[in-house]
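**Student:** Sequence:
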Amino acid sequence: MAVARKAAVAAWVPCRSWGWAAVPFGPYCGLNTLLAPMPQRAPRWLPACRQKTSLSFLNRPDLPKLAYKRLKGKSPGIIFIPGYISNMNGTKALAIEEFCKSLGHAYIRFDYSGVGSSDGNLEESTVGKWRKDVLSIIDDLAEGPQILVGSSLGGWLMLHAAIARPEKVMALIGVATAADSLVTQFNQLPVEVKKEVEMKGVWSMPSKYHEEGVYHIQYSFIKEAEHHCLLHSPIPVNCPIRLLHGMKDDVVPWHTSMQVADRVLSTDVDVILRKHSDHRMKEKADIQLLVYTIDDLIDKLSTIVN
1 MAVARKAAVA AWVPCRSWGW AAVPFGPYCG LNTLLAPMPQ RAPRWLPACR
51 QKTSLSFLNR PDLPKLAYKR LKGKSPGIIF IPGYISNMNG TKALAIEEFC
101 KSLGHAYIRF DYSGVGSSDG NLEESTVGKW RKDVLSIIDD LAEGPQILVG
151 SSLGGWLMLH AAIARPEKVM ALIGVATAAD SLVTQFNQLP VEVKKEVEMK
201 GVWSMPSKYH EEGVYHIQYS FIKEAEHHCL LHSPIPVNCP IRLLHGMKDD
251 VVPWHTSMQV ADRVLSTDVD VILRKHSDHR MKEKADIQLL VYTIDDLIDK
301 LSTIVN
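Residues in the sequence shown are numbered consecutively from 1, following full-length UniProt numbering.
Listed next, the in silico EDC-like pairs over lysine to aspartate or glutamate satisfying Cα-Cα at most 16 Å (straight line):
(1) Lys129 with Glu224
(2) Lys168 with Asp140
(3) Lys74 with Asp299
(4) Lys132 with Asp62
(5) Lys72 with Asp140
(6) Lys132 with Glu224
(7) Lys223 with Glu124
(8) Lys129 with Asp119
(9) Lys194 with Glu226
(10) Lys208 with Asp278
(11) Lys282 with Glu98
(12) Lys275 with Asp250
(13) Lys65 with Glu124
(14) Lys168 with Glu143
(15) Lys65 with Asp140
Just the calculated beta-carbon pair ranges, DEER-fashion:
(16) Asp140 with Leu189: 34 to 40 Å
(17) Ser207 with Asn187: 14 to 20 Å
(18) Lys195 with Glu224: 16 to 22 Å
(19) Glu123 with Gln185: 17 to 23 Å
(20) Val193 with Leu135: 30 to 36 Å
(21) Lys72 with Ala164: 22 to 28 Å
(22) Ser54 with Asp139: 18 to 24 Å
(23) Phe57 with Gly144: 18 to 24 Å
(24) Arg165 with Ser54: 22 to 28 Å
Hints are computed from structural coordinates only; laboratory data are not their basis. Keep in mind it's a predicted model, so treat the numbers as computed, not measured. For each residue, glycine too, the CB sits at the ideal point set by N, CA and C.
The whole structure should be built from the sequences, with the hints applied where relevant.
**Tutor:** This is how it looks when you write it as structure tokens:
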């Protein structure tokens, strides 16, 4: 079964050049074998072959409805947790869906409350509310063990989910994991700038990844986020963890992933750095690394179960 799946992975991903370094924080080094040279095959890249999945909504008493798309399939299932104000239709989310379809594994992607097709008001959103969104997806939609893939702020939330639901969260993959990041960045601002933000109630944070060139972040969002910071103490997560990060990331320094690796209690942790990748990590070689990493964890978890 594992051999057949590896063949499917090799056929699916675009076989291109690599530029990465793996820093193991535990005894497990399965990627070394998985990423050995494979026969060249015709790549099956996603836009032309993507099949549509229907949009559904998760109704929650007294909470905004969450928009999601789900594939049913084998365990472990995969859940993609987006970045700040990102929706379920990003490059990584869609690529993972195609990958899961090719292997027949269950998969869920969703929008946070106040974002994309979900109900709610973005200006009233908080890290705590989005944490509840992730837990709702795990509790009400996901069946059986899950691998969480968190992008940027989603990487922060996946850690919280693993702490809250250790019986369901079997492994984590962080892509440019932004643990505590917004709070850290805000605290690094000059005192006068922080006072101005407090008075105005909005932090206009420049970003080349937003169409306006700036994110307007509520001051209340930052203050609430302080209650969810994790890097100040040991993080009680014991499952396998893979942290992917681009060394050209100008939003969340790759050192943040190293901090997460140091703080988690798990001994099965790899930090994988891509020398020329930026914050989004959505180039073809980045996606290749991501799906290889998912496949490696599926194989590892299947071996443990069996």
